[in-house]
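Participant: Fit the two chains together into the complex; they arrive one by one in their own frames, and the hints show the way.
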Amino acid sequence: MQYLVSVIDDKTNSGTPDEMAAIDVFNDQLEAEGHWVFAGGLSSPSSATVIDNRDGQALFTDGPFLESKEYMAGFWVIRARDLDVALKLASEGSKACNRKVEVRPLLGE
Amino acid sequence: MSEVEVRQAITRAHHEEWARVVASLTRRFGDLDIAEEAAAEAFATAVERWPTHGVPPNPGAWLTTTASRKAIDRIRREAKRDDKQKAAQMDYDYPPEPLGPIDDERLRLIFTCCHPALAMETRVALTLRMVGGLTVPEIARAFLVQKTAMAQRITRAKAKIKAARIPYRVPAAEELPARVSGVLAVLFLVFNEGYLATGSDTDPVRHDLTAEAIRLTRLIRTLMPDDGEVTGLLALMLLTEARRTARVSASGELVPLDEQDRGAWDAALVAEGHRLVRERLAAGVAPGRYQILAAINAVHTSARDVRDTDWSQVVALYDQFVRLDPSPIIALNRAVAVAELDGPDVALAAVDGLEDTLAGYHAYHATRADLLRRLGRSQESRAAYDKAIELAGNTAETAYLTRRRDQLG
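Residue numbers (the working numbering), protein chains in the order written: chain A, 1 to 109; chain B, 1 to 409.
Okay, chain B solo, but in the shape it has when bound (with noise of 0.2 Å):
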C-alpha cells in the first residue's frame, strides 16, 4: 500500500470511525473527556504506526479497542496518582462494541453535546469536537475564535458535564420537542461546515460532514416524525446536498446557482426533498426556518433552467423569513433574490445597509462585488472582490472569486 493509500485510508477511518470510537467509550468509561483524548491519541497511534504495519482489516475496531488501551492506561495512571485501586481493575480483553450501525449511541453522545445547560456555541463546539471529529483549531476556525479560547470552552463544558452529571442517554419522549430543536440547530451547523468547509488543505465540501448531518437528521426524523422543523432541516440539507457535486468545478472552482449543470444535480435526493416540502404544506402549520429555507430550495430545484426560477415565490418566502427573523444575513439571502426580481440597483441598496453589521462577513463582500459588476462599477466591484477573497475561507469559493474579479473590464 503506497503513503498516499494508507493516509487516505487514516483519512477515511477518521470520518467514518471517529464519532463511533469516542461514543462507545464514553458509554463505556462515562467520561468524555477521557473518550475524546483517548479516541485522539488512537488516531495519532494509527497515523505512526499504519505506514509500517500496514493498515488494519477493521480499522474501527483497532481503533476502538487502541482507544479502549489508552483510557485503562490513564485511568490505571490517575487511580494510582488517586490511590483508588477500583477502577485499575479493568480488563484489557473487555470485548470491543461491535461496529454495525449502533446509531443510539452517536444519537446519545449528540443529545449530552446539545444538552440544554451548555451555552449554544459550547453545543456546536463540543457537537463538532465529539460527533464530528473536527480539531479545535478546525472549530476555533469556524467560530472566528481564537484557539486557545476554544480549546478552553470545550474543556470547561466537559467539565460541566461531568461535575454537573448531564446524563448520556437519550431524553425521555416529553422532553424530546425541547430537546430536538437545540440539536437541529447544531446540525444544520454541522451541516453547514461541510458544505462550505474552511481550512485552505481542506476539501471544499466534506461529503463526510454533509452525511454525518444528514444521517442524524434522518436519525431524529424516525424518532420524531411529527416534528415540522425536524423534516423540514432534513428537506432542506437534501436539497442543498443534491446540488453538490454540481456545486464545485472540475478544477475546484465553486459553480453558482445560475451556472450549475442542473442534470448533475441528484434526481433522488431533489425528489425525496420535494416530498418533505410537501408533507409540511399538506400538514398546514405555520412553518418555522428549516420549513422555509427548504421551501426557498424547493423552488430553485423545480426550475429547470435558471430562467425559469420563480423569484417572486423566493422572495415572499424570504418576506415571510424576515418577519421570523429579522437577522442581517437573511436580509442578505432576501437581497439576492431581489437582484434578480427587481434589479441589482434596488438589491444593491438593500445591501448596503447591512456594512454595520456584515463588514465582517465574505458572503456581503461577494454579494456586493456581483452587484456591483452587473451595474458595470467595475472599480468598487473588484475592491469588493478582493475583501470577500481576504475574508473567505473556502478554497472553492477563492478560486471563483479570484475569477470573477480577474474577469472584470
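Chain A with its partners taken away, still in its complex shape (with noise of 0.2 Å):
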C-alpha cells in the first residue's frame, strides 16, 4: 500500500538548514527501512500551470488550479503496510520537516 504524506506550508524552499539535514536522517531512515518511493520539494503554486485539453484544443491557464494561504509545498510517496505504520513514519516526517503533513492513500493494490 503506498501513501502520499503532503507538506503543508505557506511557502515553499523555506527550509532552514537543520531541517534540511533532519529530513535527510528521516529519508535515510526510510529507504534503510524499505519504505521509501519518492519524495521532492515543490515549487510555489504561483510556478504551475493548469492545461485543459479535454477537447484536444490545449488550453494553458497561468497559476494553480486551486489558490489557497496553505498549499502543498513538498512530498513522500511511502510504502507502508497499513495506516498506523503510514501515521508514524508521517509523524515523523512532520516532526523532521517542522511542518504539518497530510497523509491520503493511493488507490489500487
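Keep in mind that the hints were calculated from the coordinates and are not lab data.
C-beta atoms are modelled at their ideal positions from N, C-alpha and C, and glycine is treated no differently.
Check each hint, because a few of them may be wrong.
[What the hints assert, rightly or not] A partial selection of chain B residues facing chain A, derived with a Cβ cut-off under 10 Å: (1) P116; (2) A117; (3) I161; (4) R165; (5) E175; (6) R244.
Facilitator: Structure (C-alpha cells):
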C-alpha cells in the first residue's frame, strides 16, 4: 500500500539547514526500512500552469487550479503495511521537516 | 415456544451475539461493511425464520453461519460484476468460529472503530453500530442528528477504513496509551446509552450495553493495569451499575439517588468500585476525569443514608473537575451538589447561568424544575418540568418527571 504524505506550508523552499539535515536523516531511514518510494519539494503554486486538453485544444492557464493560503510544498510517497505504519512515519516526517503533513492513500493494490 | 418467547430469544441473541458475529466476519472477510451488512441480514433472517422453524439450539453459531453465507453471496455477486474469479472460490463450509469468549476479536473491532484517524463522533457512532449493535436510527437519536446524516457518517467511516487501510488489530504496546483514551471515551458513551437508554419502546436501562461497556473496560484494564483512567472508568461504571436495580421502580419510573433503597444496591459491585478508587488514591497521581467521577460516586455509595452524604467532599471533587474541564454539563452537575451544601437558591443562580448552552438539554430543565419546586415556585417549576419531559428520551425518566410535575401544588 502506498501513501502520499503532503507537506503543508504557506511558502516553498523555506527549510532551514537544520530542517534539511533532519529530512535527510528521515529519508535515509525510509530507504533503510523499505518505505521509500519517491519524494520531492515543490516550487511555489504561482509557478504552476493548468492545462485543459479535454476537447483536444490545449488551453493553458497561468497559476494553480486552487488558490489557498496553505498548499502542498513538498511530498513523500511511502510504502507502508497499513495506516498505523503510515501515520507513524508521517509523524516522524512532520517532526523532521517541522511542518504539518497530510496522509492520503493512493488508489490501487 | 410462544411468539413472545421467540421474540425474546431474538432480542437476546442480538444483544449477546451481534459484536461477535461482526468481529468474526470482519476478520474473515477483511471488510467492515460486508461484516455489518451480512450480520444485519442474518438477524433479519432470524426474525423471519425462527417463529416458524423454531429457535436453533445454538443461536450464535446459526447467526455466524448464516451471516457468513450472506457475505459470501455478496462477494460472489460483486466478483461476478468485477469479473474477478478469485473471491468466488470461497467455500460455504468454512468452519464457524468457536463461540467461546473471543475477547481479542471484539477488542480488535473496538480499536479499529476507535481509530484516531476517525473523528470522535464517528468513532462513537461506529462503535455503537459495530460493537453495540445499535441501529442507525437509535444512534442518530443518541446524537440528536438526522438518520440520513448518521447513516452517511457511518458509511464514510467504513469507506475510509477500507481505502486508507486502517488495520484490524490491537495496537502495539508503545501505541496503546494514546489509543486507549479514545477507546475509553467511546466506552463511556456506550455505557451511558445503556444506563439511560433512549427510545419509547426501549427498556429504560439496557443492561446489555452497560454490561458490554463494563466487560470491554475490564478487558482493557487487564491489558493496561497501570493506566489510572482505565481503572477510574471501570470504577465509575461499577459504582453506577451497582445502583441499577434501585434506580428504576417496579412501575418503570426513575428513582433519583436520594430516594433509592440503598439496601438494594449491589454490595459486591460497590466494594469492587471502592477498591479501585482506593487503588487510584494510593497511586498518588493527579486524577483524570474518570477517576474524579469515580471518586464522586464513591462518596455517594459510602453513605448508608442520603443524609450521611459528605456533600462538601462532592462539591470539592466537582471543583477539581471544573478546573480540568470547564464544560457546562459538569457545572450543572456541580450545581446539584451545591444545592445540598448551600441551598437550592444558590444552585439555581448557577444553573440559570447555563441557559445559553444547555437550553436543549433535558437535564438542565429537570434540574431547574427540582430547584424551583424546592423553592416553592410551583408555576415556574411546572413549566421547567414540561420542557424536561418534552426533551427527555428515556421512558423511566419521563415517568418520574411527569409524576413530579403532577404532584406540584
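Participant: Tell me if B:R244 is really an interface residue toward chain A, meaning its C-beta lies closer than 10 Å to one of theirs.
Facilitator: violated (37 Å)
Participant: Would the stated hint for B:I161 survive a check requiring a Cβ distance to chain A of less than 10 Å?
Facilitator: Holds - the Cβ of B:I161 comes within 10 Å of chain A, reaching about 8 Å at its closest.
Participant: For the hint on B:R165, does the least C-beta distance to chain A fall short of 10 Å?
Facilitator: holds (5 Å)
Participant: Hint B:A117 vs chain A: min CB-CB distance below 10 Å?
Facilitator: Given a least distance of 6 Å, the restraint on B:A117 holds.
Participant: Using the nearest Cβ pair, does B:E175 come within less than 10 Å of chain A?
Facilitator: Holds: closest Cβ of chain A sits about 7 Å from B:E175, inside 10 Å.
Participant: Min Cβ distance, B:P116 to chain A: is it shorter than 10 Å?
Facilitator: Since the shortest Cβ distance to chain A is 8 Å, the answer is holds.
Checked against the numbered hints listed earlier, the structure breaks hint 6 alone; every other hint is satisfied.
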